[in-house]
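Peer 1: Produce the entire structure from the sequences given, and follow the hints as far as they go.
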Amino acid sequence: DAKTTQPPSMDCAEGRAANLPCNHSTISGNEYVYWYRQIHSQGPQYIIHGLKNNETNEMASLIITEDRKSSTLILPHATLRDTAVYYCIVRALLNSGNTPLVFGKGTRLSVIA
Amino acid sequence: GAVVSQHPSWVICKSGTSVKIECRSLDFQATTMFWYRQFPKQSLMLMATSNEGSKATYEQGVEKDKFLINHASLTLSTLTVTSAHPEDSSFYICSARDLLNRGTYNSPLHFGNGTRLTVT
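The listed protein sequences correspond, in order, to chains A and B. Per this note's numbering, residue 1 is the first one in the first sequence, and the count goes up by one each step. Per this note's numbering, residue 114 is the first one in the second sequence, and the count goes up by one each step.
Calculated from the structure, these hints are not laboratory results. Model, not experiment: these values are computed from the prediction. Positions of the beta carbon are idealized from the N, C-alpha and C atoms, including for glycine. Some clues are possibly wrong.
Derived SDA-like pairs (lysine to any residue); straight-line CA-CA distance at most 25 Å [as the list claims (entries may be wrong)]: (1) K105/A x F152/B; (2) K105/A x M158/B; (3) K154/B x I112/A; (4) K105/A x E172/B; (5) K3/A x M158/B; (6) K52/A x L212/B; (7) K52/A x D211/B; (8) K154/B x S110/A.
Quick look at which bits of chain B chain A covers, simulated, 3 or more residues with Cβ under 8 Å [said to hold, decoys possible]: (9) 129 to 138; (10) 175 to 181; (11) 220 to 228.
Peer 2: Listed below in structure tokens is the structure:
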């Protein structure tokens with residue numbers, strides 16, 4: 001699976017959009033981009049995933065660049081409860097079977113009142 | 114849907130004793146479950162892959178005789194930390210995919226809320 005690079009930490013004002021970047025310059029054509037977050041002392045929570053098109057759900061939006069070498073997770077109106085470590089993970093799917101996720105260090109997002 | 118439950122959420126045990134952690138898929142069946150470990154201020158590290166009805170697969174550096182995994186049913190996997198030592202104190206997390214209802218390997222991995230083990 002391709003390696004990802006994320007900033008170690010970010011701050012965001014409450015009510016503003018939080019834009020979390022992820023670089024995955026070595027991503028290959030059959031690899032999806034997944035985003036999870038981990039609130040302190042809890043298990044990771046799935047947020048969203050995509051292949052090449054932008055995706056949106058009730059939690060966030062995922063913007064993937066046309067060359068797929070980077071992506072941005074957008075939390076449109078951050079709240080204090082969004083304070084967490086956010087993980088961007090790239091995972092191949094074709095013939096990969098039921099395989100685990102490999103977590104990097106993620107970005108620690110602090111939402112400030 | 115796709116809820117994974119762990120029990121206990123925290124446990125304190127004395128050095129030399131064994132501790133069992135349960136991981137259940139509450140509303141789906143999981144032939145495969147994944148066990149992770151997380152030390153303070155670090156990321157999750159995969160320990161082992163638990164397969165229903167067969168032996169678990171352990172990651173390099175994880176002692177299979179120390180971390181016993183049993184996946185006896187399609188909804189339950191257990192991790193037993195045997196002869197626990199203070200260095201085993203960590204946050205243990207299990208996860209699984211709902212392949213039956215989602216049907217594809219790109220479906221999200223669902224995680225339990227973890228078990229914090231403290232060995233004194």
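Peer 1: For K3/A and M158/B, compute the direct alpha-carbon distance and say whether it is at most 25 Å.
Peer 2: 15 Å, holds
Peer 1: Are 3 or more residues of the segment 220 to 228 of chain B near chain A, judged by a Cβ distance of less than 8 Å?
Peer 2: Check passed, 7 qualifying residues.
Peer 1: With the threshold set at 25 Å, check whether the alpha-carbon distance from K154/B to S110/A stays at or below it.
Peer 2: 15 Å, holds
Peer 1: Checking one constraint from the list: CA of K52/A to CA of L212/B, max 25 Å. Satisfied?
Peer 2: 23 Å, holds
Peer 1: When I compare C-beta atoms, does the segment 129 to 138 of chain B have three or more residues closer than 8 Å to chain A?
Peer 2: violated (count 0)
Peer 1: Mind checking the alpha carbons of K52/A and D211/B for me, to see if they're no more than 25 Å apart?
Peer 2: This hinted pair holds, its Cα atoms lying about 24 Å apart.
Peer 1: For the segment 175 to 181 of chain B, does the count of residues with a C-beta closer than 8 Å to a C-beta of chain A reach 3?
Peer 2: Per the Cβ count (0), the hint is violated.
Peer 1: Going straight from one Cα to the other, do K105/A and F152/B come out at no more than 25 Å?
Peer 2: Given pair K105/A, F152/B holds - Cα atoms ~12 Å apart, limit 25 Å.
Peer 1: Is K154/B close enough to I112/A, meaning Cα to Cα at most 25 Å?
Peer 2: 21 Å, holds
Peer 1: Does M158/B sit within 25 Å of K105/A, going by the straight-line distance between their CA atoms?
Peer 2: It holds: about 11 Å lies between the C-alpha atoms, which stays within 25 Å.
Peer 1: For the pair supplied as a hint, K105/A and E172/B, is the alpha-carbon distance within the 25 Å limit?
Peer 2: Satisfied, since the Cα-Cα distance of roughly 19 Å is no more than 25 Å.
Checked against the numbered hints above, the structure violates hints 9 and 10; every other hint is satisfied.
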